[in-house]
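Chemist: In case you want the letters, here they are:
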Amino acid sequence: MYNPTVMDHFENPRNVGEIADADGMGEVGNLSCGDILRVYIKVKDNILEDVKYKTFGCGAAIASGSMLTELAKGKTVEEALAITNNTVADALGGLPPKKKHCSNLAADALHKALEDWQTKK
Amino acid sequence: MYNPTVMDHFENPRNVGEIADADGMGEVGNLSCGDILRVYIKVKDNILEDVKYKTFGCGAAIASGSMLTELAKGKTVEEALAITNNTVADALGGLPPKKKHCSNLAADALHKALEDWQTKK
Amino acid sequence: MKKVYMDHSATTPLHPEVIDLMKFAMEHVYGNPSSLYSLGQEAKKYVDEARQKVADLIGAGFDEIYFTGGGTESDNLAIQGAVYGNEKKGNHIITSAVEHPAVLDCCRNLEKKGYELTILPVDQYGMVDPEEVNKAIKKNTVLISVMHGNNENGTIQPVQEISKIAKKQGIFFHTDCVQTVGKIPVHVDDLGADLLTISSHKIYGPKGVGLLYKRKGVRVQPLIYGGGQERRIRSGTENTLGIIGFGKAAEIAARDLETENRRVKVLRDKLIKGVLEKIPQSYLNGHKEKRLPHNAHFSFAYVEGESLLLSLDMKGIAVSTGSACSSTSLQASHVLIACGQSQELVHGSIRFTLGRDNTEEDVDYVLSVLPGVVERFRSFSPLGGE
Amino acid sequence: MKKVYMDHSATTPLHPEVIDLMKFAMEHVYGNPSSLYSLGQEAKKYVDEARQKVADLIGAGFDEIYFTGGGTESDNLAIQGAVYGNEKKGNHIITSAVEHPAVLDCCRNLEKKGYELTILPVDQYGMVDPEEVNKAIKKNTVLISVMHGNNENGTIQPVQEISKIAKKQGIFFHTDCVQTVGKIPVHVDDLGADLLTISSHKIYGPKGVGLLYKRKGVRVQPLIYGGGQERRIRSGTENTLGIIGFGKAAEIAARDLETENRRVKVLRDKLIKGVLEKIPQSYLNGHKEKRLPHNAHFSFAYVEGESLLLSLDMKGIAVSTGSACSSTSLQASHVLIACGQSQELVHGSIRFTLGRDNTEEDVDYVLSVLPGVVERFRSFSPLGGE
Ligand SMILES: Cc1ncc(COP(=O)(O)O)c(C=O)c1O
Ligand SMILES: Cc1ncc(COP(=O)(O)O)c(C=O)c1O
Ligand code: FES
Ligand code: FES
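Chains A, B, C and D, in that order, give the protein sequences.
Everything in the first sequence is counted per numbering that gives the first Met the number 0, starting at 0 for the first residue and increasing by one.
Everything in the second sequence is counted per numbering that gives the first Met the number 0, starting at 0 for the first residue and increasing by one.
Everything in the third sequence is counted per numbering that gives the first Met the number 0, starting at 0 for the first residue and increasing by one.
Everything in the fourth sequence is counted per numbering that gives the first Met the number 0, starting at 0 for the first residue and increasing by one.
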């Protein structure tokens, strides 16, 4: 069902976990499937120094979270804001049509985390 | 589809043909299938001395005609009148349900031939 | 005893290559294609491969193929599905008098339920006149269904012309290609079909599997609801083994179409010539040129088809009479009746349909046996000959 | 890698004896059962033999069996057929919230078309209360459809009591026995069924073939019209190969029912015990005693089913999550929701269904692998554990 890149990120998800003293946290629940993804960010000098995630979600959600953290880490806030679900899905080499919304989870959670950081700042 | 007795009478039908100077002739056409069976009889001293038939009909019609002529031959007129489609079908060891009407053809044609003989007498 | 199977329009034996693949699949492909684990996805891969092969055979898109339980189901899904799925467009159906019962009885049933039905007449060859289609169209016509090649007398319909008329009026066009696919080119765009039926067991694949081609955008309501397989159009666990065999059969049909049918046509022509020469009062049914390459369909005066069939069977020759797909019914062929043939002549009709396994010897054998058999039954018959 | 298939409720591999017979049939039984010549009649004989075997399996009469293209089609034929065929009797259907989509979606579609539908609730085990059936009956109730055993949580319904109520009121009773046949005794008279569904591929027969049992005298309108096969109830050339395999599978199911299911139940009980002991916050779904002998269905808090399934697959274990028959859908199991389980817990549900090929080693292997996998995903989860 999933391509090898997705399966790799599913088997060995990068950056799973929490950041205790995170600067921002975003959680998104997906209505259509009931899954949840949470992203933690650590921002320093406008750079996303650390990005971690946790998910209660399907294979695509796990892989999307993993890919998202890899994409976002080390990016500027502006660059991070430009990451969309398509960026994630493309970086994963594509997701099955029914699983497109799973990459939304990840991108949306990141954006929420950035908002959170913005308000707290 | 047909049992061995039917197949035997189909392969080697008895008494096929016409009786040139028949005392009675009966022809029946079946509406449900379009088939036709004709019976010729020769009656002497109230006995069916000879019985012959021709048919434009299915395997069951051919076998029924054959069995009918065998059953009727040598019988008294009264005995012949008592022959029904069931008599014929039973003597053949049974016919498939959809083919019950084929034995009607034979029995009815005999009865018509007997009527014909009666009126001509 | 010599065995000659000449009823390939009724069904065909499995092609040896189909058997080989199915034997493999029986042992190794047992997952449910809807299952997410690898065993299931493996089965899905095989089903998708088959889908691509049948799509290729008829020039369709992968996503335009819907596997079903056979040609009959596909016809019903096309017709009931298009009619129920487009109730706003209209409630009038046009079909022809020579369709397979899978189309005709399905349409008649809709008529009973209140839909309007026009059954087009045919000429003596069983051919529909496109002009008649034009005349039959009403404001509320939603579907026209005319078969590609006839299963009894082998006549090929002017499907292209009919589909053009349908298209011009924005009416969906369905064509039953069960008898033509693998025999003559069948291409969904050339034929202009919105919906198209194929059955596996007529092309050396297994029975109980068929497909509906549905052009993208054509709305069809399912007949069968459930797990949502076949993109919600036909629910039910996929008949993986059947589909795999069907796919292989389609691949072979595409590969061998030309050579095989050229070969069979030569045999068929010899059969027709021989029969008409050797047997007095024998008539070829269907169109002389516009006919399926493997079909030879005759009426013999003064003999009844079933007895002929049984006698030929005793001599090892398998053929059919009347409407082969429902030969347990007693009714005379509706196709020949529609062609204006007399009831009696219709009763004496026999269909020879040749196939891969037939040789010239088979034809010679039939030609050596048939005249005597016909002659014998004529001698039993109260009709004619007097 | 060790391979453990524990998704026998999704589908089963072909039984070796079924394979042998089907291999033979592929080469030798190729006539069309409707054809009158010997090759056709020979095929008919095989189909009739299979018909007798499936009839024997469920205590039905030979003439009460109608072969179809699968369990889904049989459910649809039973429901749509009985409803359309008895419009004078009424237009209200009663079913349960835990039916397979083949029943539930079929009923919902009828509701859209204007029929009345009552969907009965179930208790926490997924059990229908016969008293609820009684209360739901109206003057215009024409059909009650309640499944025998549930395909997800394995709960066995009080079908006998429900059918008695139906009978008393002169209402037709249909029961989906796809999951129970071959697992526990299924006898049409004991169950009091007027209509009953079975699918071949759940009992080690081929996919794409099933049957509808229809008690003599029960009126059913066909879904599919055509050549009039299956005594006019289901037209279409018979899936001879599939039917032959189905017949063999039925014979084996009857023969091995007791011994095999006693064996499987022991393994299943060990699996349940082990999982509940080893994995904290794991819950057994379905009824403890009134459940199918091969079914073990769990919910694990804080984990999502698909990722569990994929991880187990990587370790060679094939199981399913949610509604297995349509696991490509994202919806959470309607069965567990109907049982009142929370969305999140439902999401972490996994079904193990054991079968002929499973051994005690398989169970031990699962018990050695599963706890770690669950633990790992819990560590990924933003839920719980905090
Ligand atoms: C023209 C035509 N349409 C439909 C069918 C039905 O297909 P199936 O036998 O797969 O049900 C047949 C053959 O039986 C046929 O010849
Ligand atoms: C209870 C139940 N009913 C019906 C079906 C559908 O049967 P089939 O897969 O043969 O279409 C299934 C399985 O898919 C089932 O588990
Ligand atoms: S299905 Fe819910 S996140 Fe993928
Ligand atoms: S079918 Fe006509 S006489 Fe038998």
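Everything labelled a hint here was simulated from the structure, so no lab data went into it.
Just so you know, even glycine gets a beta-carbon here, dropped at the ideal spot from N, CA and C.
Certain hints may be false.
To be verified - Simulated pairs of lysine-lysine, BS3-like, Cα-Cα distance not exceeding 25 Å:
| no. | chain 1 | residue 1 | chain 2 | residue 2 |
| --- | --- | --- | --- | --- |
| 1 | C | K44 | D | K2 |
| 2 | C | K88 | D | K111 |
| 3 | D | K44 | C | K111 |
| 4 | C | K22 | D | K22 |
| 5 | C | K2 | C | K215 |
| 6 | C | K88 | D | K215 |
| 7 | C | K1 | D | K112 |
| 8 | D | K44 | C | K22 |
| 9 | C | K111 | D | K88 |
| 10 | D | K111 | C | K44 |
| 11 | C | K111 | D | K2 |
| 12 | D | K1 | C | K87 |
| 13 | D | K44 | B | K99 |
| 14 | C | K2 | C | K88 |
| 15 | C | K112 | D | K111 |
| 16 | C | K1 | C | K289 |
| 17 | A | K97 | C | K215 |
| 18 | D | K215 | D | K44 |
| 19 | D | K112 | C | K2 |
| 20 | C | K289 | C | K264 |
| 21 | D | K2 | C | K22 |
| 22 | D | K138 | B | K99 |
| 23 | B | K97 | D | K22 |
| 24 | A | K99 | C | K44 |
| 25 | C | K314 | D | K215 |
Said to hold, decoys possible - Ranges of calculated distance between the beta carbons of each label pair, as one might list FRET restraints:
| no. | chain 1 | residue 1 | chain 2 | residue 2 | range |
| --- | --- | --- | --- | --- | --- |
| 26 | D | E16 | A | N85 | 28 to 36 Å |
| 27 | C | L116 | B | N45 | 40 to 48 Å |
| 28 | B | T83 | D | K215 | 24 to 32 Å |
| 29 | C | K215 | A | K97 | 16 to 24 Å |
| 30 | C | Q330 | D | K215 | 21 to 29 Å |
| 31 | B | L80 | D | R254 | 32 to 40 Å |
| 32 | C | K215 | D | K215 | 44 to 52 Å |
| 33 | B | N2 | D | K215 | 23 to 31 Å |
| 34 | C | E41 | A | N11 | 34 to 42 Å |
To be verified - To spell it out: a stretch of chain D is covered by chain A in this simulated footprint if at least three of its residues, at any positions, have a beta carbon under 8 Å from a beta carbon of chain A; those stretches are:
| no. | stretch |
| --- | --- |
| 35 | 70-80 |
| 36 | 368-380 |
Chemist: With reference to the structure, classify each hint as holding or not holding.
Modeler: Okay, the hints, checked on the actual structure:
1. For the given pair, K44 (chain C) sits about 20 Å from K2 (chain D) by alpha-carbon distance, which is consistent with the 25 Å threshold.
2. With a C-alpha separation of about 19 Å, the suggested pairing of K88 (chain C) with K111 (chain D) holds against the 25 Å cut-off.
3. Pair hint K44 (chain D) plus K111 (chain C) does not hold up; C-alpha atoms about 35 Å apart against a cutoff of 25 Å.
4. A distance of roughly 7 Å separates the Cα atoms of K22 (chain C) and K22 (chain D); the hinted pair therefore holds under the 25 Å criterion.
5. With a CA separation close to 45 Å, the supplied pair K2 (chain C) and K215 (chain C) exceeds the 25 Å bound.
6. Taking the CA atoms of K88 (chain C) and K215 (chain D), the gap is near 40 Å; set against the 25 Å cutoff, the hint is violated.
7. A hinted pair counts as satisfied when its Cα atoms are at most 25 Å apart, and K1 (chain C) with K112 (chain D) does not qualify at roughly 57 Å.
8. Taking the CA atoms of K44 (chain D) and K22 (chain C), the gap is about 23 Å. The hint holds against a cut of 25 Å.
9. In summary, the hint linking K111 (chain C) to K88 (chain D) is supported, as the alpha carbons are separated by about 19 Å, within the 25 Å threshold.
10. Distance restraint check for K111 (chain D) and K44 (chain C): the Cα-Cα separation of roughly 35 Å exceeds the 25 Å cut-off, and the hinted pair is therefore not satisfied.
11. Under the criterion of a C-alpha separation no larger than 25 Å, the hint pairing K111 (chain C) with K2 (chain D) is inconsistent with the structure, at around 55 Å.
12. About 56 Å separates the Cα atoms of K1 (chain D) and K87 (chain C), which puts this hinted pair outside 25 Å; it is violated.
13. In summary, the hint linking K44 (chain D) to K99 (chain B) is supported, as the alpha carbons are separated by about 21 Å, within the 25 Å threshold.
14. Distance restraint check for K2 (chain C) and K88 (chain C): the Cα-Cα separation of roughly 52 Å exceeds the 25 Å cut-off, and the hinted pair is therefore not satisfied.
15. Taken as a hint, the K112 (chain C) and K111 (chain D) pair is honoured in the structure, with Cα atoms around 18 Å apart against an allowance of 25 Å.
16. At roughly 32 Å between alpha-carbon atoms, K1 (chain C) and K289 (chain C) are farther apart than 25 Å, so this suggested pair is violated.
17. Using a Cα cut-off of 25 Å, the hinted pair K97 (chain A) and K215 (chain C) holds, with the two alpha carbons roughly 19 Å apart.
18. Only pairs whose Cα atoms come within 25 Å are accepted, and K215 (chain D) paired with K44 (chain D) is accepted, the gap being roughly 22 Å.
19. The straight-line distance between the Cα atoms of K112 (chain D) and K2 (chain C) is roughly 53 Å, outside the 25 Å bound, and the hint therefore fails.
20. A distance of roughly 13 Å separates the Cα atoms of K289 (chain C) and K264 (chain C); the hinted pair therefore holds under the 25 Å criterion.
21. Distance check on the hinted pair: K2 (chain D) and K22 (chain C) sit about 22 Å apart at the alpha-carbon level, within 25 Å; holds.
22. Taking the CA atoms of K138 (chain D) and K99 (chain B), the gap is about 43 Å. The hint is violated against a cut of 25 Å.
23. Note on K97 (chain B) and K22 (chain D): the hinted pairing is violated, with a Cα-Cα distance of about 34 Å set against a maximum of 25 Å.
24. For the proposed pair K99 (chain A) and K44 (chain C), the alpha carbon gap of about 21 Å is at most 25 Å, so the pair holds.
25. Using a Cα cut-off of 25 Å, the hinted pair K314 (chain C) and K215 (chain D) is violated, with the two alpha carbons roughly 40 Å apart.
26. At about 52 Å, the CB distance of E16 (chain D) to N85 (chain A) disagrees with the hint of 28 to 36 Å.
27. In this structure, L116 (chain C) and N45 (chain B) break the distance hint of 40 to 48 Å, their C-beta atoms being roughly 59 Å apart.
28. Roughly 28 Å separates the CB atoms of T83 (chain B) and K215 (chain D), a value that falls within the hinted 24 to 32 Å.
29. At about 19 Å, the CB distance of K215 (chain C) to K97 (chain A) agrees with the hint of 16 to 24 Å.
30. Range check, Q330 (chain C) to K215 (chain D): about 26 Å between beta-carbon atoms, so the 21 to 29 Å window is met.
31. Between L80 (chain B) and R254 (chain D) the Cβ separation comes to about 55 Å, which falls outside the hinted range of 32 to 40 Å.
32. Checking the proposed 44 to 52 Å range against K215 (chain C) and K215 (chain D) shows it holds: the Cβ atoms sit about 45 Å from each other.
33. Between N2 (chain B) and K215 (chain D) the CB atoms are about 26 Å apart, so this pair conforms to the stated range of 23 to 31 Å.
34. Roughly 24 Å separates the CB atoms of E41 (chain C) and N11 (chain A), a value that falls outside the hinted 34 to 42 Å.
35. With 0 residues carrying a beta carbon less than 8 Å from a beta carbon of chain A, the stretch 70-80 of chain D misses the three-residue requirement, and the given coverage is violated.
36. Beta-carbon proximity to chain A at under 8 Å applies to 3 residues in the stretch 368-380 of chain D; the threshold of 3 is reached and the given coverage holds.
The structure is inconsistent with the numbered hints 3, 5, 6, 7, 10, 11, 12, 14, 16, 19, 22, 23, 25, 26, 27, 31, 34, 35, although it conforms to all the rest.
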